[in-house]
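Based on the provided sequences and hints, a complete structural model is requested.
2 protein chains.
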Amino acid sequence: MSLLVVGSVAFDAVETPFGKREKMLGGSASHFSISASFFTDVRVVAVVGGDFSREEEQVFERHNVNLSDLERIADGKSFFWRGRYDYDLNTAHTLDTQLNVFADFQPKLSEEAKRSRLVFLGNIQPDLQRGVRDQVAGAELIALDTMNMWIEVTRDSLLETIKGVHVMIINDAEARQLADEPNLIRAARKIMSQGPRALVVKRGEYGAALFTPETYFAIPAYPLESVFDPTGAGDTFAGGFMGYLASQEKLDEAAMRRAMIFGSVMASFNVEEFGTERVQRLTYEEINERFRAFKQMTNFEAIPFERAVRATK
Amino acid sequence: MSLLVVGSVAFDAVETPFGKREKMLGGSASHFSISASFFTDVRVVAVVGGDFSREEEQVFERHNVNLSDLERIADGKSFFWRGRYDYDLNTAHTLDTQLNVFADFQPKLSEEAKRSRLVFLGNIQPDLQRGVRDQVAGAELIALDTMNMWIEVTRDSLLETIKGVHVMIINDAEARQLADEPNLIRAARKIMSQGPRALVVKRGEYGAALFTPETYFAIPAYPLESVFDPTGAGDTFAGGFMGYLASQEKLDEAAMRRAMIFGSVMASFNVEEFGTERVQRLTYEEINERFRAFKQMTNFEAIPFERAVRATK
Chain P
4 MSLLVVGSVA FDAVETPFGK REKMLGGSAS HFSISASFFT DVRVVAVVGG
54 DFSREEEQVF ERHNVNLSDL ERIADGKSFF WRGRYDYDLN TAHTLDTQLN
104 VFADFQPKLS EEAKRSRLVF LGNIQPDLQR GVRDQVAGAE LIALDTMNMW
154 IEVTRDSLLE TIKGVHVMII NDAEARQLAD EPNLIRAARK IMSQGPRALV
204 VKRGEYGAAL FTPETYFAIP AYPLESVFDP TGAGDTFAGG FMGYLASQEK
254 LDEAAMRRAM IFGSVMASFN VEEFGTERVQ RLTYEEINER FRAFKQMTNF
304 EAIPFERAVR ATK
Chain A
4 MSLLVVGSVA FDAVETPFGK REKMLGGSAS HFSISASFFT DVRVVAVVGG
54 DFSREEEQVF ERHNVNLSDL ERIADGKSFF WRGRYDYDLN TAHTLDTQLN
104 VFADFQPKLS EEAKRSRLVF LGNIQPDLQR GVRDQVAGAE LIALDTMNMW
154 IEVTRDSLLE TIKGVHVMII NDAEARQLAD EPNLIRAARK IMSQGPRALV
204 VKRGEYGAAL FTPETYFAIP AYPLESVFDP TGAGDTFAGG FMGYLASQEK
254 LDEAAMRRAM IFGSVMASFN VEEFGTERVQ RLTYEEINER FRAFKQMTNF
304 EAIPFERAVR ATK
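In the order they appear, the protein sequences are chains P and A. Heads up: the first sequence begins at 4 in my numbering, then just goes up one per residue. Heads up: the second sequence begins at 4 in my numbering, then just goes up one per residue.
Think of the hints as simulated: they come from the structure by calculation, not from any bench. There may be inaccurate statements among the hints.
In silico BS3-like pairs for lysine-lysine, Cα to Cα no more than 27 Å straight-line [claimed, not checked]:
{"#": "1", "chain 1": "P", "residue 1": "K298", "chain 2": "A", "residue 2": "K193"}
{"#": "2", "chain 1": "A", "residue 1": "K298", "chain 2": "A", "residue 2": "K166"}
{"#": "3", "chain 1": "A", "residue 1": "K298", "chain 2": "P", "residue 2": "K193"}
{"#": "4", "chain 1": "A", "residue 1": "K111", "chain 2": "A", "residue 2": "K23"}
{"#": "5", "chain 1": "A", "residue 1": "K253", "chain 2": "P", "residue 2": "K298"}
{"#": "6", "chain 1": "A", "residue 1": "K193", "chain 2": "A", "residue 2": "K166"}
{"#": "7", "chain 1": "A", "residue 1": "K298", "chain 2": "P", "residue 2": "K298"}
{"#": "8", "chain 1": "P", "residue 1": "K117", "chain 2": "P", "residue 2": "K166"}
{"#": "9", "chain 1": "A", "residue 1": "K298", "chain 2": "P", "residue 2": "K253"}
{"#": "10", "chain 1": "A", "residue 1": "K80", "chain 2": "A", "residue 2": "K111"}
Okay, the calculated beta carbon distance ranges per label pair [as the list claims (entries may be wrong)]:
{"#": "11", "chain 1": "A", "residue 1": "E256", "chain 2": "P", "residue 2": "E155", "range": "42 to 48 Å"}
{"#": "12", "chain 1": "P", "residue 1": "G198", "chain 2": "A", "residue 2": "V62", "range": "46 to 52 Å"}
{"#": "13", "chain 1": "P", "residue 1": "T157", "chain 2": "A", "residue 2": "K253", "range": "54 to 60 Å"}
{"#": "14", "chain 1": "A", "residue 1": "Y287", "chain 2": "P", "residue 2": "N67", "range": "52 to 58 Å"}
{"#": "15", "chain 1": "A", "residue 1": "E256", "chain 2": "P", "residue 2": "E143", "range": "40 to 46 Å"}
{"#": "16", "chain 1": "P", "residue 1": "A106", "chain 2": "A", "residue 2": "E280", "range": "56 to 62 Å"}
{"#": "17", "chain 1": "P", "residue 1": "P216", "chain 2": "A", "residue 2": "Y287", "range": "39 to 45 Å"}
{"#": "18", "chain 1": "P", "residue 1": "R200", "chain 2": "A", "residue 2": "Q283", "range": "37 to 43 Å"}
Treat the numbers as computed from the prediction; the structure is a model and nothing was measured. Glycine included, each C-beta is placed from N, C-alpha and C at the ideal position.
As C-alpha cells, then:
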C-alpha cells in the first residue's frame, strides 16, 4: 500500500445559500481518500458507527479505497457535524458537533498499514496523530494537517508531534497562529525550524504556497465563478497532493510542485457541489484539463529586462 | 514621449511601527513615474506649490522624468498627506489630508503630452480623469486607477470614465465594490463589460491577477520577510506595468503578462523602505534578479497526469 490516511469518516449536514444536505458522507479521511484515489492506492484508518451503511461503503469501494483498517462499532454512531455557510463562503459556522464513536478513537494500524510509504495525519487531536506517526516510523513521507482549536488548546502536544513529520499542510491563518507571527514568510521559516522540512500553506481563493528552507513556490487558485460548498476543500487538496506524490518514484521539489497543482485542481472541483459529490464523478480528462489550465494561467516568457528594452530603443 | 501619467505630486508624512518621516516626496504620479522611468521615458501632469523645491525636482531629473507639464503655483502649497500604519501594514490610517493646490487642479496637456502612446490616469477625481482621457483620444493604451472613495461618492462619473479606458488597475476590494459582486471572477467580467478590455487586480501580499475576456493570469507576490512602508505600492506597480509596456512594440497578452511581473517586482522594492527611497536607488541587475525569481517561484513541469501515473504503475 502506498498511501495511508488517518482521520474522520463522518456524516455532515450542511446548509449554504444555494441548498442543503441533511446527511451526507463527510470527514477528513473521506474527502482525502476519494481525492487521492484518482492517483494511487489509499488505505483509511478511522472509526465509524452502525449508521455507516453499505451505501457509504460502496462509495469507497468504487474508488478502490481500502477499508480493512476501518474500525466499526455496531452499537455506536459515526462522527456528525452540522454547519452553515452564509454568502461569504469562507467561514463555516458550526451548529453541532457530535464526536460519538470518535470520542474514544485510538487508531490501530494493521501490519500492512504500518508499512505505508506515505502517510497523511488528518486533522485530529495531536496526541492521536503522534501515536500513528510513531507506528509508521519507516514511512518515506509523513504529512500533517491541524486546525486553530488544536493550536490553541494542545499547542505543546502539537509542537511535539510536528517534530517527526516531513510536511505540514495548513491554511494561512493557522500558519500565522502556530508561529505567532503575522508575516507568512517568517511564520513559514519558524514552523520549518520546528521539524517539517516543507510547509504547504492553503490560501483559499488566493491559491497555495509551498515553502522549503531553500525554495518558494506559489500558485493561484483555479478561478471559479461560483463556490457551492467549501466543506472538505482542504482535505481534498491534501488528497490530490499526497495521492500524486504517492504515484511518483522521486519525492523531489519538482514532484512536490506538480502535487501542489493536482491538489489545487482536486480542491477546485470539490467546492463546486455538496460534500464529495463532484469529486466522486470526476474523470481523468477533467483533472488533466484543469492541470493544463494552471499551466496556461501562470505561464509567462522569461525575457530578461535589458534585452527587451534594448530591442525597442 | 511614450508614457504619460496624470496624478498627484505630493508630500507625505508617514509613521509605521519601524520609523517615521515628517516630509517626503509622495503622491501617485511621483511613485508611478520614478518606477516607470526604469523602463521608458515618462512625462508627469500634476500641480505643485512653492514648497516643491529644487531637491524634489532633482529626484525626477535623475530619472529622466519630464516635468514640462508640471504646473507650479508659487504662492500655494503642495498636496499633503499624513498617515499611520500599525503592525498590520495592510491598512493605512489617514490622519490628515490637505488638498492645497490640488483642490483646483485642472489638468492641462501640452501638444506633446496629447500625443503620448500610453497614458496612466492615476487615482484622482473621475471627472478630471475623463477630461484627460478626452485629450489623449489617439493613445494606444489608456489605463486607470481609482479608490473606494470615488466608487462610493462619484460612481456614475467613474462608470462614464471607464467606458473609454483600455485597462483598469485596481485592488481586490475595489473590484468587488465597483462590481457590487463578492466573487472576484464575476466582478472582473462585470467590470470588463463596462468598457475596459483588461483588468489588473492588485492583491497585496497575495499577488496580482490579469483578466481579459478570454484569459486569466495570476501571480504571487514576491515573498518579503518584512514590509516597511506600503505607501505608493499600487502606483509603483502601475509604473512598472505601464513602463514595461511602453518599452514594447506589441501590447499583446505576452507583453501584458511580463508587465505584471515587472509591476510586482517594482512594488516589492517600494515597500522595503519609506516612500520612493528604495526605488530611487534601484539597479537594473536588482530588477532582473527579482524577475528571474518570479520565474523560479512559479515554474512547474507540465507533465500530463496519465503519463505520470502510467509510468509508475
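Contradicted hints - numbers only:
2, 4 and 17
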